[in-house]
Structures are given as C-alpha cells and as structure tokens.
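Trainee: Here are the chains, one letter per residue:
Number of protein chains: 2
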Amino acid sequence: MNRNSFLLSGFRDFNPNQMINRKYIFKNIENIFIKYGFLPIETPVLEKFSLFSNIYGSENEKLIFNVINSGNFLSTINVSDFYKGYKHLLSLISFKAMRYDLTFPFYRYMISHENQYFPFKRYQIQPVWRADRPQKGRYREFYQCDADIVGSDSLISESEMLCMINEILTSFGINKFNIYINHRLVLKSISKYIGESLKEYYLYIGIDKIDKIGKYKVFKYFINKGFSYLSLFKLENIFNFKGNNKKKIFFLKKKISNCDYITSALDDILNILKYSSLFFNKKKNIVFDLKLSRGISYYSGAIFEVKLNNINIGSICGGGRYKKLINISNSLNFSGIGFSFGLDRLYFVINKLNLFPKNKFSVMVMIANINLNYACFNILSDLRLKGNSVEIYPDVIDLSKQLIYANKKSIPFVLIINYKSNHLDSFILRNMLTGEQNIYNKKSIINIFS
Amino acid sequence: MNRNSFLLSGFRDFNPNQMINRKYIFKNIENIFIKYGFLPIETPVLEKFSLFSNIYGSENEKLIFNVINSGNFLSTINVSDFYKGYKHLLSLISFKAMRYDLTFPFYRYMISHENQYFPFKRYQIQPVWRADRPQKGRYREFYQCDADIVGSDSLISESEMLCMINEILTSFGINKFNIYINHRLVLKSISKYIGESLKEYYLYIGIDKIDKIGKYKVFKYFINKGFSYLSLFKLENIFNFKGNNKKKIFFLKKKISNCDYITSALDDILNILKYSSLFFNKKKNIVFDLKLSRGISYYSGAIFEVKLNNINIGSICGGGRYKKLINISNSLNFSGIGFSFGLDRLYFVINKLNLFPKNKFSVMVMIANINLNYACFNILSDLRLKGNSVEIYPDVIDLSKQLIYANKKSIPFVLIINYKSNHLDSFILRNMLTGEQNIYNKKSIINIFS
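Just so you know, the sequences run in chain order A and B.
Under this note's numbering, read the first sequence as residues 1 to 450, first letter to last.
Under this note's numbering, read the second sequence as residues 1001 to 1450, first letter to last.
It should be emphasised that the hints constitute simulated quantities derived from the structure, not laboratory data.
Each hint should be verified, as a subset may be incorrect.
[As the list claims (entries may be wrong)] If you want the ones that stay clear, here's a sample from chain B, every Cβ over 10 Å from chain A, calculated:
1) Leu1046
2) Gly1057
3) Lys1199
4) Ile1205
5) Tyr1229
6) Leu1230
7) Ile1328
8) Gly1342
9) Met1432
10) Ile1445
[As the list claims (entries may be wrong)] Not the full set, but computed from the structure, chain B residues with beta-carbon under 10 Å of chain A:
11) Phe1011
12) Ser1154
13) Glu1160
14) Lys1408
Just so it is clear, CB atoms sit at the ideal spot from N, CA and C, and this is done for glycine as well.
Can you make the complete structure from the sequences, with help from the hints?
Mentor: Laid out in structure tokens, this is it:
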C-alpha cells in the first residue's frame, strides 16, 4: 500500500518546516491586523446545516461536507425516505455541516452575540472545507484569513483596509504588487451608458474574464448574450481609455454624465484614493481598474483585489463593501467591508520569491549524550534559563549518529563534553554549518548564547 | 427563536477577549515546547474512517463524527443495505471521519512520512471532536495539546517531559501543583505480589478510582470482582505505607522482592527522579504515587499526571511511556513517551487563579474622528510606524459615542484633535481608565507611545 494513500485526497499534513513557515505568515498577518484595531474571533467547525443551506447556491452547496447524526441515524427514517433520493435523505440524517467559508460563521456569530458594539472589527483565521475536485494548488482543507468592519459606511474603512493589505504584503518583503480598485456602481453605470442595463449581470461576468481569456473572447461572449454592436463600441471606447487614476475618473465623469450613480461612485473612489494616500505616504500602487468585477452577487460598493507584478497566480487577496454580510432575504442588515487572504497562495508566493526568513533556527543547540554526564544536564538547564531552545540527545549512542540527527533537524550548534580535559567544565562547541569546532568553558558558552 | 440556539449544542464561539487569553496560553506552551526541542506538526481534520475505526473501542467509536460521502451517497446503496441497519450503512456512505484525538493522526503521520528522523519530538495543538453528551465543562469541540518523543527508550525523555510541564505551569504563575508518577510494571508487580495476577486489569481500574470514590468503595469493587481477603490485606498494607519517594521505593523493593519487573521499574522511577532533580534544580513536587493508574490499555512504563493543590478539577495534564503509539495488532513499533494538556482545564485554572495578564491592551489608542482632519490621519500613521495598535473611529459622529466605543473595546487612550488651538499640532490625550485629559503636541504624543 502506498503510504501516502493513508492520507485523504485533497488533504495535507504539515511537517515542522512547513509549520514554522505557516506560523510566520499567521503571526505577521495577525500582528498587523491587531495594529489596525482588528480583534480575533473563532467559530466552531460545525454549524447547523439548516441555517446555511440555501445561501451558497446549489452548485456550491454540493461542496459542503455534511456530518451524519450521531447514534442510530436511521431510527426515524422509513424506506420511503430512502426511495426519495439522497438529497431528501441527507436533510433527515445530517443536521450538521463543516465550515465552508468564514462569512456565514461570522454572520451567525453576530446574530448570536447581540450585545456586540459597532463598528465591529474582527479578523478570523481558520480552516474551511470544500469537497472540490482536488488538483494542483487546490485542496479540500485550507485556511482562510478574513478581516471585516461591520456597522460603518465610512470610506475610511476602505482606505484602512488597503493600507493594511499594503503593510501585510510589504512585511513579507513582497513589494511588486498593485491594488486594483473598482466600484460596483461604476460598472452599473457603464451597463446603463452602453444601453445594456438589462444584461448587466453578463457584463460583470464578462469583464471579470478579460484578464483570463482576453478581450476578444469576452466580446464574443457579449455578442452571444445579445449585446448590440453599438453597446460594444461604446464599451471598447471606455476600456481603451488610458491614463492615471485621476484622468480615468475625470474621463468617466464627463463621458457617463447622464447616469444616476456614477458621480457618487467616482467620488467614493476619489475619496478612497485621497485617504489612502494620507495613510500610505508615498505609495502609488492603487490602480482604478474597470476590468475588476468580483463578488457579483455580494458586493455593493467599492471592490478591490491585489495582484503581483512578477508572479501570475491571479489575485492573492480581495474584498469589497457589502450592504448585507450575507445575501439572504431575512438577513439582518450588517453592512460593512471585508477582505480575505488565501494562505496557500501567500505561502506559494513567499516561497517562490525566497522570502521566508533564513537562519531562523527552531532548536539552537543540541547537547550530545556521551555518558549521561551531569555537566551536560547542568549546562542544558542554564542555556534554557537564558531562553535558548536546547535539547539533549536522549540516548547514549555513537556520536556520529547524534550529529546526523542534529543535521536533519537543522540544529546549528552541537555541544560535546570535552573528555580530553581533566575537569568537567570544558566543552567542544561544533558549528554544524561550517564544521568548525572550538573548546570553551561553561561560562563562555553561556555568554555565547545569551 | 433564542439567538444562542443558532449555535450547535456543545460548540462554542470565542470572542476577542477569550481569543486573546487562549492565544496567550497557546503562545506560552508553544514557546516552551520549542525551547525543549519539540517542533510543531498539523494533520487534517478528516481522516479515512476505515483506518481509525476499531482502535478506540466500540464505546468511544460511537463518539466519532462521520462525514457523509459527497454527491449522491446512495448511488451504490441497495434497499437491502438500508435494512441491514445504521452501522452497516454508515460504513458504505461515510469514508471520512473527524479527528477524535491527536494520537491516531500522529501515528498516521509517522506512517505517511517514512523518511522521518528519530527520535522525533513533535507537538501538536489542534481541536478534536467528540459526540459526547454536552455538559458543564465538557464540549464536543475542544483543543488538545500533545507532545511526544518517539523512537527512544531513554528515561531522560521522561525527565525532560516532567521538567517541561513544570516550566509550562510556572510560566502561567501556577505554582501549587504536584506531578504524580507511577509505573505500569510496579502496578503489575503489585498484582502478582498480592496474588491477583489474573485480575490485574480490575486492580488498575479500581486503583484509578480511589481518589474519586474513596478506598472503601474501591475495596468493595475488588471484593465483587473476586479478590481474596488476603490479597486486599496485602494491598492495604502497601497502600498504607507513608514516606517520601525514596522511602517508598526502598519499602517496595524489600516488600515485593520476589517479582520479576519490580526492581527495574523502581530503578526507572529512581532514575527519572534523579534526572529530574538535575533539570529542576530545587523543585520537589514530583510524588511517586501508587494510586496513579491511567491509560490502562495504552501505557507500558512510567505514567504521570499533574494535579493542582488548591483547585479540585482532576488532572490538568498527564501522559506516559508506551511501547506502541497505537495499540493495534499490525501497528508499526513507534515506542515513545507522550503527554497531553487539556486547554479548557488550563484556561479554567488560569482564570480562576486570576492569572491572565492584566492591562495587556490589544488596541492602545483610538483617534476620535471629529471632521476627517488630515492631522488625525497623519498621527495615526506615525503611531503605527512606532508599532502601536491604533485605530481611527471611521464615522464622524458625536464624540461621546466614540468614547463609548473605545470603552467597550477596552482601548486605554483616546486622542482628540484640539479645536481650541490655532494650529493643527495640538491633541487632547484622554486616559480612558482615569478620565484624565492632557494637551500635547504631536511630537510629545509620538514620544509617549514609543
């Protein structure tokens, strides 16, 4: 049997090296979240299936992992239920489902905690599960990392988010990226301006694909959906405009002056850019981009997305403003703004750019075990008292084997008691990277590692 | 509808205050694990049900949460399967199950990663799920925190574990506790010595209950199980012996001299105590206790458990040495030693003893939003540059409401632009704990928070 086949397809173990890199990512992100006033919450892995069925759409709902009711789950089931098919049976034998994203749990959290103050700035870093077909870079278990501000309509929130994203990426040494920004109502105005208001949904779908499949194929898609040639001519005219953010906004304001929302939407963009420039100091990496069209059924205001200039893996984070946290009819009105980082893409990028910290050793010193000498125990305790990560090899075995262990565990220093010396205060300190060995007394060694 | 009823019974949300306390616990424990050379791994929430059914015993297996196969899980099911009962059906419609503990996943990890070096010192802090009846202090989702050393028989590992436990508890300010230690083979020798070798299992079960139900009831249980009066007389004689660790060991060595394992088992205890005293310096809180009898079907050597002197909530951590990581017949021989902390008990204790850090503010400064003044954005950026957690209230609303927000979020300082001043470099710094207000220029404020 293939040993890997013990692991479920689409699921992963993380070994110590991977874990240390992942913890580095989490820690950086969390520190910056907190620096911006976002506080952590956590919600259970399981939620009531009845509550969050029907909110993701039937295609997505197929990807939800359901948990079978405990005990004799058939006790209330008749054979007639069995014949009614699996969907019917599922609703009878499964009342619990695994977390599919961090949005529904946050919404449920807000309902469960009615005395919450507003605006509520939360972050949440937890895994989610989707029964997707596993493929390269797509897993069935993966971490999401969400931050939201609910209960405020201020555009300062948008700017804070953009600034925070900027700080998170640069904290990893990622510098070559753009934050693309657009506005739901700008897109809506364009659909009206080109005379295709009734087909606005197809416009959003198509625009979203321009970067992936090219303008030519997208325009073919529009023609298939019945867009007029005049509308496409007008659309091309708008998309062909080149210029910086301010010029683009000025151009659109003039061009689409007859639409209701356009002015306030463009002013929103202007204000977000203005506040952001105050937060960012000299940064100029925010790009107003009409081709951005994400979360079609979800976002109502500004939308944004981050793409790297030198690595083509799509967006590594994105978000936007919504009128309702969850788009269900009886949803309480938690309006706000949120964004999400995909941990796996971030890990991929940091690794690809070789930006994970080097020489950050987990264990600093291994003490070789020659004959259970007390002096070894003693120096071990003292090195730990100074805060060092130190271990003693547990078994008295051949020194070369102990050194192999230290090597495999990437321990940079090995301490060996010096038998050639007459007293027990002499140690050989071996640098495992260079192979260099030097003799020190205990005091000197404690000093080296203080 | 009760808002809390949105949450599944036995499951919990964690709000920011709880999260910050939990993160404090995790961070302390992880830092000390790493200091002792243990490195983190993580395994998936879901594992193949076929692999870990049959290892927990049928009573425990009932507590496993099973995930229904995705899609039409009935496609290969006949009505005859339906009539064969829920256990049969379960094996056909569920191939995945949720993590029940951290032992099986670690075992599976070791099998999946064949090139692992040994001894392997791992820690793992992840939630597990059990379909237990929820009650006070017992949840269906809870974190376990395990550390193991596999691939070494050295008793140094036992001492390292005890020393690490000691350091973890004292790092929280918990000082009044004992680490109780016993040895499987000492108990086995006692069963032989009293002439009840064939009933050793009942002896272990009974001993484990002495602290909970008292000696009288336990002896009644032994009588019910057919123990002879002579055996109970001998047992009482042993248990009545009072003395420190060394005296107890000396007494047993003399008393049970005719049993095979007793000498080596008692020497093990002596060595563990000796090594531990070298690690611990002056600590004397390790107690050799014959009444300790945990993990009956699991541990093979030394066993240990920590109890607090002033809070009666049972053990807050425990572990022992095993010959096999998992007790299944074809199990690979990963011998080693492990222990486990229960996060919820630790949280309870730290909270009860009022030991969570005070005045550790998540957000240090809130900048009041009077009229979107640029000076506010400016000082916000500068305070963050100094590493402070700072937020600006997003909306321009009544100052008193902004102060209420800061209060609810336990933000200790609020900064308000000083309108009475003629220039924009004057701020009122309000201490939210005392209500005190002072006027400073920007430079002074940056200095205060540097």
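Trainee: With reference to the structure, classify each hint as holding or not holding.
Mentor: Outcome of the hint check:
1. The Cβ of B/Leu1046 does not lie farther than 10 Å from every Cβ of chain A; its closest approach is about 6 Å, which violates its non-interface assignment.
2. With a minimum CB-CB distance of about 16 Å to chain A, B/Gly1057 clears the 10 Å threshold, and the non-interface call stands.
3. For B/Lys1199, the requirement that its beta carbon stay farther than 10 Å from each beta carbon of chain A is met, with the minimum near 33 Å.
4. Interface exclusion of B/Ile1205 from chain A stands, the closest Cβ pair being 26 Å apart, more than 10 Å.
5. B/Tyr1229, annotated as away from the interface, keeps every beta carbon of chain A farther than 10 Å; the closest lies near 43 Å.
6. With a least beta-carbon separation of about 42 Å from chain A, B/Leu1230 lies farther than 10 Å from that chain, consistent with its non-interface assignment.
7. In this structure B/Ile1328 is separated from chain A by more than 10 Å, as the shortest Cβ-Cβ distance comes to about 13 Å.
8. At roughly 17 Å, the least C-beta separation between B/Gly1342 and chain A is larger than 10 Å, which holds for a residue marked as non-interface.
9. No Cβ of chain A approaches the Cβ of B/Met1432 within 10 Å, the least distance being about 14 Å, so the stated non-interface status holds.
10. No Cβ of chain A comes within 10 Å of the Cβ of B/Ile1445; the nearest lies about 17 Å off, and the non-interface call holds.
11. For B/Phe1011, the suggested interface contact is upheld, since its CB lies about 4 Å from the closest CB of chain A, less than 10 Å.
12. For B/Ser1154, the interface hint holds, since its Cβ comes within 10 Å of a Cβ in chain A; the closest pair sits about 4 Å apart.
13. Restraint check, B/Glu1160 versus chain A: the minimum CB separation of about 8 Å is within 10 Å; hint holds.
14. Hint on B/Lys1408 holds. Least Cβ distance to chain A is approximately 4 Å, under the 10 Å limit.
Of the numbered hints given earlier, the model fails hint 1 alone.
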